[in-house]
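If you read the sequences in order, they're chains A and B. My numbering numbers the first residue of the first sequence as 7 and each following residue consecutively. My numbering numbers the first residue of the second sequence as 7 and each following residue consecutively.
A couple of the hints might just be wrong.
Stated by the list, open to error - Only pairs whose alpha carbons sit at most 25 Å apart, straight line, appear in this in silico DSS-like list of lysine-lysine:
#	chain 1	residue 1	chain 2	residue 2
1	A	K64	B	K244
2	A	K54	A	K40
3	B	K64	A	K244
4	B	K219	B	K86
5	A	K64	A	K285
6	B	K19	B	K244
7	A	K19	A	K229
8	A	K285	A	K19
9	A	K244	B	K244
These are computed hints drawn from the structure, not numbers from a lab.
There are 2 protein chains.
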Amino acid sequence: MNQTNDAYPSRLKETDDHVEPFIRTDPVVHSGNKYRWHGPLDEVALSKYERDGFLWFKGFFNQERMAPFFEELREMAQDKEMLASDQVIQDPTTGDIRSVFAMHELSEHFSRLTRDPRILGMVQQLLGSEVYIHQSRINDKLGFEGNGFYWHSDFETWHSEDGMPRMRAVSASLMLTDNNEFNGPLMLIPGSHHYFIPCVGETPDLNWQQSLKSQRLGVPDRKALGIMANRGGIQAPKGPAGSLMLFESNTLHASNSNISPWPRANLFFVYNSVDNRLKEPYAANSARPEFLAARENTAPLTMHDDFPALA
Amino acid sequence: MNQTNDAYPSRLKETDDHVEPFIRTDPVVHSGNKYRWHGPLDEVALSKYERDGFLWFKGFFNQERMAPFFEELREMAQDKEMLASDQVIQDPTTGDIRSVFAMHELSEHFSRLTRDPRILGMVQQLLGSEVYIHQSRINDKLGFEGNGFYWHSDFETWHSEDGMPRMRAVSASLMLTDNNEFNGPLMLIPGSHHYFIPCVGETPDLNWQQSLKSQRLGVPDRKALGIMANRGGIQAPKGPAGSLMLFESNTLHASNSNISPWPRANLFFVYNSVDNRLKEPYAANSARPEFLAARENTAPLTMHDDFPALA
């Protein structure tokens with residue numbers, strides 16, 4: 007563990023002094039001075055991201071560009087060696103694939119998408135540096151049964167269990183299906199990224215094996231959640247396949263279960279600044295596997311445009 | 007049981023022939039000919055109810071009129087004899103009241119509300135006769151934890167377990183709190199009331215003790231639900247406290263769990279036509295208790311106006 011001078015203490019013992027939520031000590035947009043506007047986002051978008059902690063791009067890509075990823079999911083479902091690995095999460099009853107981690111290493115198609123200048127340009131501008139992929143996955147949330155997940159900050163986990171030092175990462179979620187009010191869309195609390203909420207409960211060994219199914223640790227208490235939601239409200243952006251969500255690493259989010267007949271699938275990839283590479287976990291005894299938190303494959307991404315004619 | 011000439015067979019054995027959904031044999035609006043327009047609803051509203059199976063009245067009563075019901079809930083929470091009775095459903099962990107059944111018999115205030123001419127007039131028009139209360143309750147769905155319930159037709163249960171002969175009942179749900187996208191609002195499938203979906207699974211004895219917690223029987227299969235939702239879509243009306251939902255007994259509905267911090271409470275009361283009083287259950291060995299399905303207290307309701315100056 008790595009708790010000396012920890013800027014963001016969490017996973018506190020029940021017997022510890024209660025630590026109130028406090029204002030983050032990191033910027034939200036990391037590009038300083040004149041570099042702030044060196045990139046595709048204008049000041050309106052930058053200010054909105056600073057205020058809310060996320061940006062929603064309805065119909066960012068056309069829907070056809072999403073189709074190949076369903077092909078890849080279908081191919082993986084045939085690959086028995088793949089299915090047996092830790093990085094594939096299957097439905098316990100049906101055996102269907104729910105998530106595949108480290109997709110950018112398995113799929114050249116996925117890898118190129120994470121380096122698309124249209125996305126990577128925004129991310130470099132927000133993080134004020136070169137970046138690499140900290141974690142990636144494809145999610146397939148079936149109709150009628152897909153489970154939700156409770157409110158949490160990703161940064162709280164990445165800091166506590168992965169040793170991510172500061173809030174200098176951005177998550178991208180790209181919709182493979184329509185996102186509507188009923189198929190368990192991502193819900194966010196605007197403005198919640200400004201506060202760090204220390205969570206109670208020590209991290210057990212190999213916590214990730216349980217937390218990928220349902221998160222019980224790193225969950226803010228109800229009082230803090232109530233304050234955040236009553237201040238900022240809750241938003242659940244809707245849009246067609248190809249829509250893109252960029253959200254700050256510390257923005258509180260959740261999703262409800264999907265009891266509609268309509269599946270909800272998306273790609274998820276986390277960019278971290280090369281100046282924010284992982285250290286020892288701040289609140290866990292050992293690091294999580296590479297497919298959940300990259301320590302080796304952290305070379306800066308270079309842009310790759312699959313559609314140069316559109317640039 | 008009472009399965010001779012059953013117009014709506016359900017709770018089929020696994021080994022029975024599969025019975026496909028079929029079009030209902032009962033009208034939706036029961037007032038015939040010139041009597042159709044003898045009431046507060048105009049043809050636009052009547053046609054909409056026939057088409058969708060529900061009518062939503064945003065802000066039907068003012069919010070102040072809802073306040074006394076919270077008082078009554080608080081008073082009941084002090085009443086130990088009441089808490090111990092079957093008709094009160096408590097949270098298994100916190101002991102908080104989740105639902106109280108037969109509220110119209112416990113509370114004069116509630117009883118008068120069910121006889122308010124503004125509601126009772128519409129219901130008599132829709133059912134084309136005098137009416138009585140088949141079931142009533144108050145629901146309190148807390149923030150962060152309130153469970154949802156899965157898709158079902160109320161009529162399927164009332165017919166199978168209570169012996170309600172025909173589709174000639176209307177449910178009223180009156181909101182005690184704001185209903186928003188995030189606190190587990192009622193979701194309905196417009197147009198689904200036109201079809202009866204026979205469900206598979208025989209009714210065990212005392213099924214109601216389990217089904218009040220989570221419904222496992224009387225649940226349509228996924229194929230039928232998918233067809234209904236793809237045809238009619240899903241709607242979840244939103245509005246302030248005091249909003250009123252009237253929905254037809256056979257309209258498919260559900261609600262998601264409430265992981266917002268905002269509680270969701272409502273009053274729920276079912277009107278049945280006096281020409282549709284209960285018989286023996288069509289698919290259960292014994293009838294459910296009076297507080298779930300009135301057999302004794304079925305005298306026609308008479309109007310009572312608490313606010314005659316507004317009439």
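Structure-based check of all given hints:
1. The hinted pair formed by A:K64 and B:K244 meets the criterion: a straight-line CA distance of about 23 Å does not exceed 25 Å.
2. Annotation: proposed proximity of A:K54 to A:K40 holds, straight-line Cα distance about 18 Å (limit 25 Å).
3. The suggested pairing of B:K64 with A:K244 holds, with an alpha-carbon distance near 23 Å, which does not exceed 25 Å.
4. Taking the CA atoms of B:K219 and B:K86, the gap is near 21 Å; set against the 25 Å cutoff, the hint holds.
5. A C-alpha spacing of about 36 Å is found between A:K64 and A:K285, which places the hinted pair above 25 Å, so the restraint is violated.
6. Between B:K19 and B:K244 the alpha-carbon distance is near 39 Å, which puts this suggested pair outside the 25 Å criterion.
7. Distance check on the hinted pair: A:K19 and A:K229 sit about 18 Å apart at the alpha-carbon level, within 25 Å; holds.
8. A threshold of 25 Å between alpha carbons decides the hint, and for A:K285 with A:K19 the separation of about 22 Å falls inside it, so the pair holds.
9. Annotation: proposed proximity of A:K244 to B:K244 holds, straight-line Cα distance about 17 Å (limit 25 Å).
Hints 5 and 6 from the list above are not met by this structure, while the remaining hints are.
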